[in-house]
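Participant: Please arrange chain Y on chain P, whose structure you already have, making use of the hints.
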Amino acid sequence: MSLLDVQNVSKRFGGLAALTDISFVCNKGEILGIIGPNGAGKTTLFNVINGFYPPSAGEVFFNGEKISSLKPHKICARGIARTFQVVRPLQRMTVLDNVIASAFIRATTKAKATETANEVLQFAGLYDDRALVSKGLPLGKRKRLEIARALATRPEMVLLDESFAGLNPTEINEQIEIVRKIRDKGITILIIEHHMKVIMSISDRIVVLNYGKQIAEGTPAEISRNPVVIEAYLGEEHRA
Amino acid sequence: MKKLLLGLLILFLLLLPFLGLSSYIMHVLILVIMWSIIGMAWNVLGGYTGQVSFGHAAFFGVGAYTAGLLYYHLGMSAWWGIPICVVVLTAVSLVVGYICLRLRGAYFALATLALGEVCRVAAENMVWFTQGNLGILIKERTWIGKTWYYYVILLLAAGSYLLIKKVMESKLGYYFVAIREDQDAAESLGIDTTFYKTIALCISGVLTGIAGAFYMNYMGYIDPGIVFSLSDISILTVMVVMVGGVATFGGPTMGALIMVFLAEIVRSTPKIGAAHQTIFGILLILIIIFLPNGVVGDFRKIVKFFKPKRTRA
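Going down the list, the sequences are from chains P and Y. Per this note's numbering, residue 1 is the first one in the first sequence, and the count goes up by one each step. Per this note's numbering, residue 1 is the first one in the second sequence, and the count goes up by one each step.
The set of hints was computed from the structure by calculation and includes no laboratory data. Built from N, CA and C at the ideal position, the CB exists for glycine as well. Just to be clear, a hint being listed does not mean it is correct.
[Unchecked claim] The calculated SDA-like cross-link candidates involving lysine to any residue, where the alpha carbons are at most 20 Å apart (straight line), are:
1. P:135 with Y:292
2. Y:171 with P:109
3. P:135 with P:85
4. Y:304 with Y:293
[Stated by the list, open to error] Only some residues are given here: those of chain Y computed to face chain P with a beta carbon under 10 Å:
5. 169
6. 171
7. 174
8. 177
9. 178
10. 182
11. 189
12. 194
13. 195
Looking at chain P on its own, in the form it has when it is part of the complex:
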């Protein structure tokens, strides 16, 4: 069953076509990877799904309801949470307060929000750092804080924007574990990633963008054999 349905979405900034006629569905419980060279429009696509930009053409449906052109906070309330490529923690708040702030969307009392926050922090392995001011966290933990914050809104779907970029190999393995654990909770994941090994190993299906156009869609095995993708993005060495 499709949870997210992107239909013929285009986004233009003046004369620049950032996205042209993108269509794909993301099924419930799936991990859908989005890859493509820099400037391919991956983050723009997230910004359209998440409501920062209204699409210039086309529509986005979530759970069968149209969400394109809703405001971000409304889309979040419907069950889509996101993280940012350039991490954006609420700098001068502690880790715990960061997560409490986003837990308040479902929680009615502060006690409940705190409970949700503590649970999510334990999940993301940040519980011991909860009293730190988030400005001082190292990058790996800030990336996890982004994820924790997104999870605290109790989403049905999370959009992860390069949650692996800039991490060292140990951190990457931890992060993969977290992403898998999120899926095990029944949360659908849409993930942008440059790290090929990671995306090939965790995605169920992959959508490939290049210059704002969708050039391929399929399972990791199909994608790594696709000549168009190899030429645009993967390069020769990935040819199996």
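Facilitator: For chain Y alone, kept in the frame of chain P given last:
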């Protein structure tokens, strides 16, 4: 220990009028408390929510004029201005919020700056309603002495403090700070930023207006140049909070204490008195450079500065 200190402070404040202080000192203290309310109110919007306003004179003036006009046109006691200005200022804040809060950062600051000036010019020119530059004079003063005015403003300040504390510890408080730290991130985490900024503006505007309504009752005379003043109200409000400490509970009160006393001292000093705004300007620059978090926020820095330097072993 902390509770004991707080109890002593409250007792001290309550007994203060019986210390036999001169009526001038009482006057200054009343102004200090009034300014701490305005500072606390500004802090909700400018400090916690991060929407810096240079137009709080608009709210102060509207509060003052609400009280004054009730008296002047309807013959009611100007004290009614305090409850009624809650309604008036909520309405004003909603309108202002609708127009200005879609702007961000410097643009919001500029819009509020204009707002204060628009109010001043309007009050000067709507002579049929506000008496223009003639101002409004309350002929019958409620009390001759300062004592009761002191208690009234003390009560209002205590109420404002408790309200703000309660708000900041609730969901609203988290949302305000989240908006200050990153509006886009806050929006993507499900926070309706426009709505919550409007709430912050309403709280801030209403409390500032209450201080204005008190001012009308206390001073007995207002005119547009006084209550809508850019330098004496709007800018001073920002300074009170900057000097005391942005986004701290005690900051506005500390700032009010420093700024009001400083203003009184500088103004009454021969020769340099006329230059008090210059002196304030220099002070603000120094504060920004050396104590960016204000006296309360950077208290440790101050303590460290005055401590004798340890010699290195």
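Participant: Could you run down the list of hints and mark each one as holding or not?
Facilitator: Status of each hint after checking the structure:
Restraint check: the Cα-Cα separation between residue 135 (chain P) and residue 292 (chain Y) comes to about 18 Å, which is no more than 20 Å; the hinted pair holds. Between residue 171 (chain Y) and residue 109 (chain P) the CA atoms are separated by roughly 8 Å; this keeps the pair inside 20 Å, and the hint holds. At roughly 16 Å between alpha-carbon atoms, residue 135 (chain P) and residue 85 (chain P) fall within 20 Å of each other, so this suggested pair holds. For the suggested pair residue 304 (chain Y) and residue 293 (chain Y), the alpha carbons sit about 15 Å apart, so the restraint of at most 20 Å is met.
Satisfaction of the interface hint for residue 169 (chain Y) is found here, the shortest Cβ-Cβ separation to chain P being roughly 7 Å, below the 10 Å cut-off. Taken as an interface hint, residue 171 (chain Y) checks out: its beta carbon lies about 5 Å from the nearest beta carbon of chain P, inside 10 Å. With its C-beta approaching chain P no nearer than about 4 Å, residue 174 (chain Y) sits inside the 10 Å limit, and its interface hint holds. At about 6 Å, the closest approach between the beta carbon of residue 177 (chain Y) and any beta carbon in chain P falls short of 10 Å, and the interface hint on this residue holds.
The criterion of a C-beta within 10 Å of any C-beta in chain P is met by residue 178 (chain Y), whose closest approach is roughly 4 Å, and the hint holds. For residue 182 (chain Y), the interface hint holds, the least distance from its beta-carbon to any beta-carbon of chain P being 5 Å, beneath 10 Å. At a threshold of 10 Å, the smallest CB-CB gap from residue 189 (chain Y) to chain P is about 4 Å, leaving the interface hint in force. Checking residue 194 (chain Y) against chain P: minimum C-beta separation of about 9 Å stays under 10 Å; hint holds.
Hint status for residue 195 (chain Y) relative to chain P: holds, with the closest Cβ pair at about 9 Å, below 10 Å.
Checked against the numbered hints given earlier, this structure breaks none of them.
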